[in-house]
Every structure is written in structure tokens, then in C-alpha cells.
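**Q** The sequence shown lines up with residues 1 to 281 when you count with this note's numbering.
Quick caveat, the hints were computed from the structure, so don't treat them as lab data. Worth double-checking, as some hints may not be accurate.
As the list claims (entries may be wrong) - Using C-beta positions, here's what the derived DEER-type ranges look like: (1) P41 <-> L219: 28 to 36 Å; (2) P98 <-> V120: 16 to 24 Å; (3) L219 <-> G154: 15 to 23 Å; (4) L113 <-> R221: 41 to 49 Å.
Glycine residues also receive a C-beta, built at the ideal position from the N, C-alpha and C atoms.
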Amino acid sequence: MVRERPVPPPLARRLVAEAVGSMLLAALVIGSGIAATQLSPGQTGLQLVENAAATAAGLFAIILMVGPVSGGHFNPVVSGVDAAFGGLPWRDAAAYVPAQVTGCVGGAVLANLMFEEPAVSISTHHRASGAHLLAEVVATAGLVLLIFALARSGRAERAPAAVGAYIGAAYWFTSSTSFANPAISIGRMLSDTFAGIAPASVPAFVGMQVIGGTVGYALTRLLYPPPPPVPGQGPRVLPPRDRITTASNGAASDGPTSDGPTSDGPTSDGAAAGPALGVPL
Numbered sequence: 001m002v003r004e005r006p007v008p009p010p011l012a013r014r015l016v017a018e019a020v021g022s023m024l025l026a027a028l029v030i031g032s033g034i035a036a037t038q039l040s041p042g043q044t045g046l047q048l049v050e051n052a053a054a055t056a057a058g059l060f061a062i063i064l065m066v067g068p069v070s071g072g073h074f075n076p077v078v079s080g081v082d083a084a085f086g087g088l089p090w091r092d093a094a095a096y097v098p099a100q101v102t103g104c105v106g107g108a109v110l111a112n113l114m115f116e117e118p119a120v121s122i123s124t125h126h127r128a129s130g131a132h133l134l135a136e137v138v139a140t141a142g143l144v145l146l147i148f149a150l151a152r153s154g155r156a157e158r159a160p161a162a163v164g165a166y167i168g169a170a171y172w173f174t175s176s177t178s179f180a181n182p183a184i185s186i187g188r189m190l191s192d193t194f195a196g197i198a199p200a201s202v203p204a205f206v207g208m209q210v211i212g213g214t215v216g217y218a219l220t221r222l223l224y225p226p227p228p229p230v231p232g233q234g235p236r237v238l239p240p241r242d243r244i245t246t247a248s249n250g251a252a253s254d255g256p257t258s259d260g261p262t263s264d265g266p267t268s269d270g271a272a273a274g275p276a277l278g279v280p281l
């Protein structure tokens, strides 16, 4: 008989990973936006190409960098959905949020300083039109569905590339340029540059992102329902990284590993919520 139990890293280490990943994400989005305006002045379309390409590639790298430690959320909506699926304890999800917001704020300041801008400059870029708000629902729902569809179908190792590709594309197919993340919405208030957002627009953006996360959660449940329980078999944990398998004689050995970000435990409905990978803008 073989029993398996998840062994996530300590919460403190996961919070540092979320803060660092969120900081790098905000610095990536804002910094590439500043660079785009400096390199291609007056050419908005080209600036968006440069900003989107840098963000897509950089997000892929950041998830690979710290995802195996914390799950690579960088996004309170993703953490909340992971907790709703049972992959992350609610108390841990609550602790992730301030780490993510703090990281995004720090990343905005860092990006400003790297380009010799004031450390903090409040954005005047108003975005909260009806079209922008609808776009945020669509962008966030699609992001959540992508992440948890991959996790619940055993394809979690593809998530870093898939999330980067989705966000890069969503820069173009959504009118809001796909923030899809309350933490980075807050961080981007602090840079009056190409990627900024006016503080007055942020509450509506965050509200629509929460609605989008709820829609994504519902679609994931609909399209990827939990498998029927097997008599005598416990819940599955995917991916198998960070597990210890304990043989019937009590000896413990390292279980198989996966390169993808991890889930913190089995889900309440018997399927793995798995690696929530954040996302992003």
C-alpha cells in the first residue's frame, strides 16, 4: 500500500516567492511600456507590440522562476479560485494577497527608477469605460479557465508558456489590454506612463476582475467536472511534484517531480486545482 501526501514549501517561503514574482511582473509590464514609448515615440501600435511581446516572454520566464515554490499566482483572483477549488487553504490565499499587492507596488517603483522617472507618479490614464470593464471580465475569465483547465486535465507543465501566450494575445483582443489582476491594477496606478491606470478606474477594474474570476471558476467546473470517486481510493493530487510517498513499511522516499508550478493540496471535489499561474496584467 502506498500513501501520498503533499508537502508544500513553508508559507513564508511561498509568500516571498509571490512578492518577488509580482514585483518582477509589475516591473516587466511597466518597464517595457516605458521603453516602448522611448524607442517608438508617437507610434502607439508599435508601442503595444513591444509591450505585449516583452510581457508574454517575461511572464513565461517569471512563472518558471518562482512558480514551483508558490504556484506562481501573482494575482489575488487566481489565489481565490485556487482556494475555492481546495488547492490552497483559504488562510494561505488571504496571506498571498498582501504579498502580491506589495510586490506589484514595489515593481512599479522599481520600473520608474530604472528609467529615471519619479519613484511614484500617479497615472492620469483613465480606462474605466463600459467596453474596458467588459474586456476585464473576459480577460480574467479566460485566464482563470486556461490555468485551471490545464491543471485539471493533467497538462500543468504547459501552463507557463500558455499563460504567457494568452496574456500576449489578450493585449490585442481586449480593449483594456488585459490587466486581469487586481494586484497589478493597484501597482500600475503608481506610474504615469504607457502602462499606467488612473486611480479612479481601479475600483471598477478590480470589481470586474472578481466577476471574471467567478465566471472562469464556473466554466472550469462545467467543462472539467471532478471524476466520480473510486471506492477505496483517496483524492488525486496533480502535479506529483513535492510529494513524499510512504511505503507500507513506513520508509519515505522522494516522489516523482514535475517542472510545472504546483498545487498546495488536493481539491475539495476530488480533483487537483493544481498550479495556478498568474498572471499577469
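**Q** Each hint should be assessed against the structure and marked as holding or not.
**A** Do the hints match the structure? See the list:
| no. | hint | in the structure |
| --- | --- | --- |
| 1 | P41 <-> L219: 28 to 36 Å | violated (41 Å) |
| 2 | P98 <-> V120: 16 to 24 Å | holds (19 Å) |
| 3 | L219 <-> G154: 15 to 23 Å | holds (18 Å) |
| 4 | L113 <-> R221: 41 to 49 Å | holds (43 Å) |
Checked against the numbered hints above, the structure violates only hint 1.
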